[in-house]
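Q: Here are the chains, one letter per residue:
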Amino acid sequence: MKGTIARSLLRDAYYQVVDNLGFRILAVLFLLPALFLLLVGFRDDGIWIARFWRWDYADWLPDVAGAARAMTPSDMSQQRLKLLENLVDVVLFAADQYGTLFGIAAIAFFVPQMLERGAADVVFSKPVSRLALLLSRYVAGLVFVGLLTLVLVGGMFLGLWVSSGYVEFGLLWSIPALLYSFAVFHAISCAIGVFTRSSIAAILLTIVFMPVNCVMNLWYENNAFDQHRAALRVEKGDSPRERDWTGVALDRFVDAYHLVMPKTLDGGRIAKKLRKRVERKEAEFVDEELGVQVSQAPAGFTRDVRSSFHRDGVVWIAPHPSGGGEASWRFRRDSVERVGKRTELVKQLRKELGVDAKLVTLSAVSANRFEWREKRGEEERLRRRWIAQLDDTILFIDYDAEAKWAEDAANEHTARVFAAGWSIQAPFDRRQEAESYEGLFAWDAPWRFNAALSVGTTLLFVVGVLALGWFRLSRIDF
Amino acid sequence: MNSSPAISVRDVSKVYGRGLFGAQGVTAVDRVTLDVARGQVFGLLGPNGAGKTTLVKMLLGLASKSSGEAQLLGQPVGDPAVRRKVGYLPEGHRLPPYLTGVQMLELFGQMCGCEREWLKRRVPEVLEQVGMRDAAKRKIREYSKGMTQRVGLAQAMIHEPDVIILDEPTDGVDPVGRAAVRQIVQSLKERGATVFINSHLLQEVELVCDRVVIMVRGRVVREGAIDELTPRTGRYRFDLHPVPPNLRVILGDLGAGFEAHAGGFELQLGDAELDQCVDRLRAAGVSIRGVLARRLNLEQAFIQLVKSGQTGTNS
Numbered sequence: 003m004k005g006t007i008a009r010s011l012l013r014d015a016y017y018q019v020v021d022n023l024g025f026r027i028l029a030v031l032f033l034l035p036a037l038f039l040l041l042v043g044f045r046d047d048g049i050w051i052a053r054f055w056r057w058d059y060a061d062w063l064p065d066v067a068g069a070a071r072a073m074t075p076s077d078m079s080q081q082r083l084k085l086l087e088n089l090v091d092v093v094l095f096a097a098d099q100y101g102t103l104f105g106i107a108a109i110a111f112f113v114p115q116m117l118e119r120g121a122a123d124v125v126f127s128k129p130v131s132r133l134a135l136l137l138s139r140y141v142a143g144l145v146f147v148g149l150l151t152l153v154l155v156g157g158m159f160l161g162l163w164v165s166s167g168y169v170e171f172g173l174l175w176s177i178p179a180l181l182y183s184f185a186v187f188h189a190i191s192c193a194i195g196v197f198t199r200s201s202i203a204a205i206l207l208t209i210v211f212m213p214v215n216c217v218m219n220l221w222y223e224n225n226a227f228d229q230h231r232a233a234l235r236v237e238k239g240d241s242p243r244e245r246d247w248t249g250v251a252l253d254r255f256v257d258a259y260h261l262v263m264p265k266t267l268d269g270g271r272i273a274k275k276l277r278k279r280v281e282r283k284e285a286e287f288v289d290e291e292l293g294v295q296v297s298q299a300p301a302g303f304t305r306d307v308r309s310s311f312h313r314d315g316v317v318w319i320a321p322h323p324s325g326g327g328e329a330s331w332r333f334r335r336d337s338v339e340r341v342g343k344r345t346e347l348v349k350q351l352r353k354e355l356g357v358d359a360k361l362v363t364l365s366a367v368s369a370n371r372f373e374w375r376e377k378r379g380e381e382e383r384l385r386r387r388w389i390a391q392l393d394d395t396i397l398f399i400d401y402d403a404e405a406k407w408a409e410d411a412a413n414e415h416t417a418r419v420f421a422a423g424w425s426i427q428a429p430f431d432r433r434q435e436a437e438s439y440e441g442l443f444a445w446d447a448p449w450r451f452n453a454a455l456s457v458g459t460t461l462l463f464v465v466g467v468l469a470l471g472w473f474r475l476s477r478i479d480f
Numbered sequence: 525m526n527s528s529p530a531i532s533v534r535d536v537s538k539v540y541g542r543g544l545f546g547a548q549g550v551t552a553v554d555r556v557t558l559d560v561a562r563g564q565v566f567g568l569l570g571p572n573g574a575g576k577t578t579l580v581k582m583l584l585g586l587a588s589k590s591s592g593e594a595q596l597l598g599q600p601v602g603d604p605a606v607r608r609k610v611g612y613l614p615e616g617h618r619l620p621p622y623l624t625g626v627q628m629l630e631l632f633g634q635m636c637g638c639e640r641e642w643l644k645r646r647v648p649e650v651l652e653q654v655g656m657r658d659a660a661k662r663k664i665r666e667y668s669k670g671m672t673q674r675v676g677l678a679q680a681m682i683h684e685p686d687v688i689i690l691d692e693p694t695d696g697v698d699p700v701g702r703a704a705v706r707q708i709v710q711s712l713k714e715r716g717a718t719v720f721i722n723s724h725l726l727q728e729v730e731l732v733c734d735r736v737v738i739m740v741r742g743r744v745v746r747e748g749a750i751d752e753l754t755p756r757t758g759r760y761r762f763d764l765h766p767v768p769p770n771l772r773v774i775l776g777d778l779g780a781g782f783e784a785h786a787g788g789f790e791l792q793l794g795d796a797e798l799d800q801c802v803d804r805l806r807a808a809g810v811s812i813r814g815v816l817a818r819r820l821n822l823e824q825a826f827i828q829l830v831k832s833g834q835t836g837t838n839s
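Chains as they are written, first to last, in the working numbering: chain A, 3 to 480; chain B, 525 to 839.
The shape of chain A in the complex, shown without the other chains (with noise of 0.2 angstroms):
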């Protein structure tokens, strides 16, 4: 009985998104990206539309002195996947800027509505509690943005792997995120509802509460980081800071504030490390110290389980099917004080070498890569070297193949792919973000930073809103 009275529950808000006008809009606004993406694939040969028309990224990029012609295909590459990776971005954060105030706009009214004067009669006579009836109002809203998160993420999640090749399962982390804060404001709209009756008061007070609480929970996070540093400049010996009492009182309001009320900024924060916990785990490989990461292993190549990055560095190798020995690729690591720094390295390469460096960027940072040829024997070898610096650390890749067999097509097409997929972190960008509060904030962190805490309390919030919202409403007389 109680499963026949929840699935029409369940039906009646399904209905009730699907009718709605601003859910038709958003779902085909929600639904250009996805499309665009379906449609334009960014490939390692260049932007193709609907299969059928290439142009070179060439053709596309701003040349500035030639730089666009100058890239490697590697560069390409990578160029590509950022482009990719900075498209998702600027979607995923309009969807959830826009998203969320478009999505309260458009469904504000599903309270309101049902306890108008004649829909209440008809609704409260029925044999379901009020409980079951506000919370039915509260899932239509979560299967109106569910339904538009799954259009957006998934829609483009799918355009990226058909059209681009490029898969993200870390991508599908931003449907649950969406819905979080949303999740958290609609409970907002739907208790203001019940108590006001009124979609535009639901409306307008949620729309202004959104910004407040954003600030608020800005103001807490460098409040946080302040006393955090503080705590550590004292813990090395330095005095702690005189504060008024208005200072501390202002800092406990924020804390109080922030433990009561809920933590929208974080749920983005949240999705952000899960995507990058997904791409880690399926990275080959990952030095968390330096802030390296492999994505895959080169095709065809085989990681020699013996190497390793902190000793000669983690090695990849392929047998060339002529039997004439074999292809590498190593990843290794120097110090600074032990080899030089990269200037240094540079310059004495490329006169032990006689070629000159091609200056590139490896994901966020700037490297030397060098490429000549060298007789081993009967054979001939291509070699490449990128060098690149990391305050006091060397990171050294080096490709090492017969010649004849790189060149070909397909093993080159390899080489390109495997160097794409390296995403090296600038230490600057890497120092900013552990010395932030996005740094700090993680699972195991202390309470002041801690994600579980932050999900804990925002959900006691949204029930505590909810119960609210039914303590009002179970004493309305219609």
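Bear in mind the hints are in silico, worked out from the structure with no lab data behind them.
Quick caveat, the model's predicted, so the values are computed rather than measured.
Where a beta carbon is used, it is the ideal one built from N, C-alpha and C, also for glycine.
Check each hint, because a few of them may be wrong.
[To be verified] Not the full set, but computed from the structure, chain A residues with beta-carbon under 8 angstroms of chain B:
no. : residue
1   : Thr6
2   : Tyr17
3   : Gly120
4   : Phe126
5   : Pro129
6   : Val130
7   : Ser131
8   : Arg279
9   : Glu281
10  : Asp479
11  : Phe480
For this one, chain A is given, so just place chain B on it according to the hints.
A: Using the frame of chain A, we list chain B on its own:
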């Protein structure tokens, strides 16, 4: 069969806007007591503001009681489970505009605990009964007022309730539709359902109700069967054949307020005078085809009661 009344109300009151410190509020329903037997068609009458709708809403848990006890089918009102056996058509109802007639009936049926398979058979039946089969797949927002009323009636009956409460069921319905509503009420009665009608249309009530309660200013001022509420006026209508030209001479000084009409006359008579009147007509060789004791109609009785109620005289 359960012997408890379908609806039982004992000293139920509703006071709106009672202040925190015992300030006086507005009494919408004042110690009302009534019983509605199972299978009865019951009419609740009263002028605007009499507290009829408030009483109905308290029965359905839409409004809380300030005091007193009320039961539906032997169970306390307010329990959502008891509403599974009750159908309600509110006055000025607004059905979900985003649903079609069929979707609305299926959803409300499911809300009342009916299984979808059973509803697939039941929905067309009910739509047929209210004459809405052709428009069943259109959105409710496209319905006219009369259509909304019909489909609203359907939603009240969809789960075959034991008690059905109709608040102004013929509101906005054309004469043909009204006849259909009367027929539906009759069929509900035949099925054994209790029908509770709250209406301003006294002729409708007079035609279909077994028993009526009249409320004025939140109180029950009169309760009874239609016959009990519509007393004889003392006037009699005589149908004669032929009508003698000297009728006034035959009747002489009998009665008062003589009024001739084609085929007879009307006269105010006492019980003894009625016999004398018949004797005189027969003695004059006049053939009496019919004698009808005039009663107040419900509307007249209602107006009389309301007027006396508003001046503070309760019957």
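Q: Look at each hint and say if it fits the structure.
A: Okay, the hints, checked on the actual structure:
{"no.": "1", "hint": "Thr6", "in the structure": "holds, 5 angstroms"}
{"no.": "2", "hint": "Tyr17", "in the structure": "holds, 6 angstroms"}
{"no.": "3", "hint": "Gly120", "in the structure": "holds, 4 angstroms"}
{"no.": "4", "hint": "Phe126", "in the structure": "holds, 6 angstroms"}
{"no.": "5", "hint": "Pro129", "in the structure": "holds, 4 angstroms"}
{"no.": "6", "hint": "Val130", "in the structure": "holds, 5 angstroms"}
{"no.": "7", "hint": "Ser131", "in the structure": "holds, 5 angstroms"}
{"no.": "8", "hint": "Arg279", "in the structure": "violated, 41 angstroms"}
{"no.": "9", "hint": "Glu281", "in the structure": "violated, 42 angstroms"}
{"no.": "10", "hint": "Asp479", "in the structure": "holds, 4 angstroms"}
{"no.": "11", "hint": "Phe480", "in the structure": "holds, 4 angstroms"}
Hint compliance for this structure: hints 8 and 9 are broken, all remaining hints hold.
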